[in-house]
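Student: One-letter residues, chain by chain:
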Amino acid sequence: MRHLRITLLVLILLTLVASFMAENLAGLGWITFMVILGSAWLKFLGVAWYFMQIRQAHRFWKVVVPALSGAILAGVVLAAH
Amino acid sequence: MNNSLAPRILYPPGGLLIWLIILLEVITFGVALIAFVWQRADHLLQFQASRDHLNVALGTVNTIMLLISGFFVAGAVHHARQGLGHTSRQSLLAGIGGGAVFVFLKVLEYQDKLEAGLGLYYDRFFTFYWLLTGFHLVHVLVGLAILGYFVLVRRGDGTPQQLEDLEAGAAFWHMCDLIWLLLFPVLYLM
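If you're matching them up, the sequences are chains A and B in order.
Note that the working numbering has the first sequence beginning at 1, numbered continuously upward.
Note that the working numbering has the second sequence beginning at 1, numbered continuously upward.
One thing to keep in mind: the hints can contain errors.
With the C-beta cut set under 7 Å, the calculated list includes, among others, these residues of chain B facing chain A [unchecked claim]:
hint	residue
1	Pro12
2	Ala41
3	Leu45
4	Arg124
5	Phe126
6	Thr127
7	Leu132
8	Phe135
Quick look at which bits of chain B chain A covers, simulated, 3 or more residues with Cβ under 8 Å [stated by the list, open to error]:
hint	region
9	34-40
10	50-63
11	86-100
12	175-185
Since the hints were derived computationally from the structure, they do not count as laboratory data.
Virtual Cβ for every residue (Gly too), placed ideally from N, Cα, C.
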C-alpha cells in the first residue's frame, strides 16, 4: 500500500503544479504548455503503472501504454501548432 | 481463467478484453482531443474566451477526487489479493464515494454552465466541452455501477475468478481516470 500512497501524493502534486502554472504562469507560453502536457503524461503513466499494475504485466503492455499516451499527447502538440 | 502455458501477454491485469476496451476508449478520446486542439488553433481567440468560462479550481478538485478514488480502488484490489475481503469492500466503498463526489461536482458545473447559457450549441469550444465531458461522465456512472456491483452483489468468496473480475472492474474505473487525465489539461488548462 505504501507505493500506492506515494503514487497518489505525486499525482496530486503534479495536478496542483499544472493547474498553478496554467492559472499563474500562462505568460511563459510554450514552457507552461509543455509542463502541463508532460505532467499529464506522467500522471497517465503513474495511474497505469501503479494503480493498474502494468508494472507487473508483460513487456508488450509496458511499451504500448506509454507509446499510446505519448502519441496522443504528441498529436495534441502537433495540432496546437 | 489463466492458462499457465499461455503467453503472459494475453493476461494483463484484469484480462485482455478489458484492456482492449481501455485502449479503444483512450484512442477514441485521444482523437477527439486532437480534433479539439486542431479546431482551437483555427479559432484561438474564441476558444480562449470560452475556456475562461471554465472553473479551473473546480476541475482541479475533480481531478484530485478521481485520483483519490482510484487510489482506494487500487487498494481494494490489493487487499482482495491478500484475502482481506472486508477491508477490500471498505476500500471499494471509499472509491465509490470519491467517484460520487466527482459526479456531484460535475453536475454543479453543468448546472452553472446551463444557467449561463453555455450549452452544447453555444460555440465550437462548448460543443467539444459538452460532448467530451458528457461521454466521460457516462463512463464514470457505468464505472460506479460496476464498483457498486462488487460491493453489493459479489460479496467475496475469494476465488481466483472473483479476483480477476474485480481487477477487470477496477481497470474500467482506472480507465475513467486515464481519460480525465487527458481531458482536464487540454480542456481546462490550455
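Student: Let's test the interface hint: is any C-beta of chain A closer than 7 Å to that of Leu132 of chain B?
Tutor: Status violated, d = 13 Å.
Student: Using the nearest Cβ pair, does Leu45 of chain B come within less than 7 Å of chain A?
Tutor: Result: violated, 15 Å to nearest chain A Cβ.
Student: Restraint: Thr127 of chain B near chain A, CB-CB cut 7 Å. Satisfied or not?
Tutor: violated (17 Å)
Student: Given Phe126 of chain B as an interface hint, is its Cβ closer than 7 Å to any Cβ of chain A?
Tutor: Constraint on Phe126 of chain B not satisfied, violated at 19 Å.
Student: Okay, the region 50-63 of chain B and chain A, do three or more residues pass the C-beta test at under 8 Å?
Tutor: holds (count 5)
Student: Can the region 175-185 of chain B be counted as covered by chain A under the rule of three residues or more with Cβ-Cβ separation shorter than 8 Å?
Tutor: holds (count 6)
Student: Can the region 86-100 of chain B be counted as covered by chain A under the rule of three residues or more with Cβ-Cβ separation shorter than 8 Å?
Tutor: violated (count 0)
Student: Return the status of the interface hint for Phe135 of chain B: holds when the least beta-carbon distance to chain A is below 7 Å, violated otherwise.
Tutor: With a closest approach of 16 Å, the Phe135 of chain B hint is violated.
Student: Interface hint check: Pro12 of chain B, Cβ to nearest Cβ on chain A, cutoff 7 Å. Holds or violated?
Tutor: Since chain A brings a Cβ to about 5 Å from Pro12 of chain B, closer than 7 Å, the hint holds.
Student: Holds or violated: Ala41 of chain B as interface residue toward chain A, Cβ cutoff 7 Å?
Tutor: holds (6 Å)
Student: Mind taking a look at whether chain A covers the region 34-40 of chain B? Criterion is 3 or more residues with CB to CB distance under 8 Å.
Tutor: With 5 residues close enough to chain A, the hint holds.
Student: Once the shortest beta carbon distance from Arg124 of chain B to chain A is found, is it less than 7 Å?
Tutor: Violated. Min distance 14 Å.
Violated hints, listed in ascending order, are 3, 4, 5, 6, 7, 8, 11; each of the other numbered hints is respected by the structure.
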